[in-house]
Amino acid sequence: MLSRIAESLFWIGRYVERADDTARLLQTHLRVLVEDTTTAEVDACRNLLALMSIDHVEDPTHEDLLRVLGYDRSEPSSIVAAWSAARDNARRAREVIPMDLWESINTTWHQLPSGRFRSTRAHTFLDWARERSALFSGIARNTMVRDDGWQFLLLGRSLEQVDMTSRMVASAALTTGGTQWPSVLRGCGGHDAFLRTYRGFHADQEAAEFLILDARFPRSLMHGLTASIHCLSMVVNANPSASQAGEAMRDLGRLRAHLEYSRMDELLANLEHEMTAVQDTCARVTQTVSTSFFAAEDPRAWITEGTR
Amino acid sequence: MADVFSNYHPGVAFDEMVDAAGTIRPSYKAVHTSLQAATADELRGIAESLASSYTQAGVTFDVGGVERPFPLDLVPRVIAAAEWETIESGVAQRVRALEAFLADVYSDGRVIADGVIPRQLISSSTHYHRAVWGAQPANGVRVHVAGVDLIRTPEGDVRVLEDNVRVPSGVSYVMTNRSAMVNALPDAFSNQRIRSVGGYSQRLLTALRKAAPPGVDDPTVVVLTPGVYNSAYFEHSLLARTMGVELVEGRDLECRRGRVFMRTTAGLRRVDVIYRRIDDEFIDPVHFRSDSMLGVPGLVNAVRCGGVALANAIGNGVADDKLVYTYVPDLIRYYLHAEPIIANIDTWRLEEPEALEEVLDRLHELVVKPVDGSGGKGIVIGPRASLSELEALRRRVIQDPRGWIAQPLVQLSTVPTLIDDKLAPRHVDLRPFAVNNGEDIWVLPGGLTRVALPEGELVVNSSQGGGSKDTWVLSPPLNRPITITDPEPEPEPEPAVPLQDVQDQPPPRPRPTAVPLGVSRPLGSRPQAVRVMSDRGSRREQQEQQQQSGGLPC
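Protein chains in written order, with the working numbering: chain A, 1 to 308; chain B, 1 to 554.
Because the hints were derived from the structure by calculation, they are not lab data.
Backbone N, C-alpha and C define an ideal beta-carbon position, used for all residues, glycine too.
Hints may contain errors.
[Unchecked claim] Partial list, computed: chain B residues near chain A (C-beta under 8 Å):
| id | residue |
| --- | --- |
| 1 | D19 |
| 2 | G22 |
| 3 | S237 |
| 4 | E246 |
| 5 | L247 |
| 6 | V248 |
| 7 | E249 |
| 8 | M262 |
| 9 | R263 |
| 10 | T264 |
Take these sequences, add in the hints, and give me the full structure.
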């Protein structure tokens, strides 16, 4: 498979997942903000933006939140920007992705809101954004050949999911955010599953355990890590010449083992730091995968034959 | 009932549906019947569904960086079986002659030695590339794909407007137009047999595989695109997808020791045949523009030493130079010992003193084109030009007569087109596509029909408000498996419009006596149509510039 195409598929997976998770995160926060009377709006918003590694907004409000994470095309973290980037990548890989999948991405892009909208419409937009991601995943699962391209798409998606879930989990550790475990669980779409798993009983530790360790829940860190490792091993086996990819495998494996075999109370005590480490690992793995599989063209210029 | 044709009044141009007496031509009967049964609302609904299906599927072209759906009109352009056979053989004949011409000028130059074409004309062509002199393609094919632009004059003759043997584009719209139309106008299809356009990709792939360097059993074919910002990117990806081959950009390829490789996740992989959609000027920075960021350094060397096959070959531009165009009928006689089946538009070569004199006298009524212009740069339409423009043109023509040709202003034929819920005549041209696999030349039934949408518009170019139509070639009646439930006697195959000099060719099958349909009329004062290429000079990106001379924005 062409390196350029593999790279596009990897990033399509990431961006679509990012749009989905950002929509969930925003939705949870908007809900919590309405109910929470103890936290100032500005603090809650600042915390959320800090979680997403955004620090250029002064005294953020509700509106800013929607703009920066929602509809502003010029903000790299917004849902609209994520879908635009996904569509750009899909356009480059158009001849290899199934027609249906391309059309679903293209339609989403055409329907993206072109300007700002009021917060009353926010939920409609966020629901729509989540549905489009779900549609994408469904079509991809049903139509894509399970070749390298599929593995790269899934790898991108899994890494992004690990990254975003770690941010959601970290949000529970915020002292002033007003976000608590139930809302984090809702944000991950796992509240009911959690209640069923723990038979209605819930405490912070169990909630953290569920989101971090329960590999049966598809949005947990463990599930995402396992999926990433699986995809990576598939592409490494198919392309043995990608020598550095083993490093990425080790990185992911170490992280998984660390989470799996650490004591939960230690993880909880140091939650913010642990989750930052997860995000760092994701960034490192992305870097390694890029250099070993998407080998960009050598930057050097050509020279006339015979002078070499 | 006021039907959608109530205000349909063809002008002085030849109308493809209605003849001069107001009778519907046989080939259009079925289409006319199904359209007449529709109300304006229904037509609007069909038009909207066509547009939205194109937007959803991303069948778009870029204008200044904005993607727009390619306008597809719902009334097809219908070509009768007998007439198509003539066009088909005429196009194939032309490609055969141009192929022989290219092989000749890139080797011995017999055609020059025999005095058919002046040497100076070849050597002064900007698209004659000495870098590929003597390079022999493995199966002898240089023109793997050709697009020959045809128009119909008011008299009803089909003529060649120009040849495109470098990177002709537009074939993807032929395929997408058909699939969109089958959904939108099912009854018109059920009433008659229309020849399929689906086989193009397989034909092209076969031709490309046959072009592979010798000794390669299972050649790897790729499509080379300038990139997503090219206005024809949709076409590149459609062709790659339907042929099942990789679509690569220049940076995905690498030349090593006279061979070409692509970068894959599993390392470098050999490439044998490249269907390139990048112009010569950009394809190899070693030999051509050194600032090209789209090309592959070393590609020309790889081609010369037979490590890779390029389709179409480098240097083909010399064959579609507009001054060489005037010699094509002579080339057909010289190489094929036959008369041209489809004639040229009358053209004045301004380097001939008598011609120059006549043209200078009539500048205000002629179309003057630069010979090496691509993308329509520098074309002056006499009747539309101001006095100062004509004066400037006069000076430039006198200064460099080799650089210009002149043609009469030709009114293109018209086809009903949906404009504001009404059907109105609009001017069209036709670009059939030919694929040469080295053994025979196959012409895709139909081709791209482009239509100028604004009333009286002289330009069929999409960036100038042009659209396209599905082109239906009717199956010959002999092959028709079912009889049309038509109270009238079986319609005669459309009395073929006599193409120029067709009598000199043995007719491919018995046909009714040729009867001219178009009544010769003096050119009126109505706006007259001529195909004009748009000025694309302001485009910044190199990617956007890759275009065959037709100025097709697709």
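Cross-check of the supplied hints:
With its C-beta approaching chain A no nearer than about 42 Å, D19(B) sits outside the 8 Å limit, and its interface hint is violated. Of the supplied interface hints, the one on G22(B) is violated, with its beta-carbon coming no nearer than about 44 Å to a beta-carbon of chain A, more than 8 Å. With a cut of 8 Å, the hint placing S237(B) at the interface with chain A holds, because the nearest CB-to-CB distance is about 4 Å. The criterion of a C-beta within 8 Å of any C-beta in chain A is met by E246(B), whose closest approach is roughly 6 Å, and the hint holds.
For L247(B), the interface hint holds, since its Cβ comes within 8 Å of a Cβ in chain A; the closest pair sits about 5 Å apart. Interface restraint check: V248(B) against chain A, minimum CB-CB distance 6 Å, threshold 8 Å, status holds. Given hint, E249(B) at the interface with chain A, holds; its Cβ is 7 Å from that chain's nearest Cβ, closer than 8 Å. Using the Cβ-Cβ criterion of 8 Å, the hint placing M262(B) at the interface with chain A is satisfied: the shortest such distance is roughly 6 Å.
A least Cβ separation of about 5 Å between R263(B) and chain A falls short of the 8 Å threshold, and the interface hint therefore holds. At its closest, the beta carbon of T264(B) sits 6 Å from a beta carbon of chain A; the interface hint therefore holds under the 8 Å criterion.
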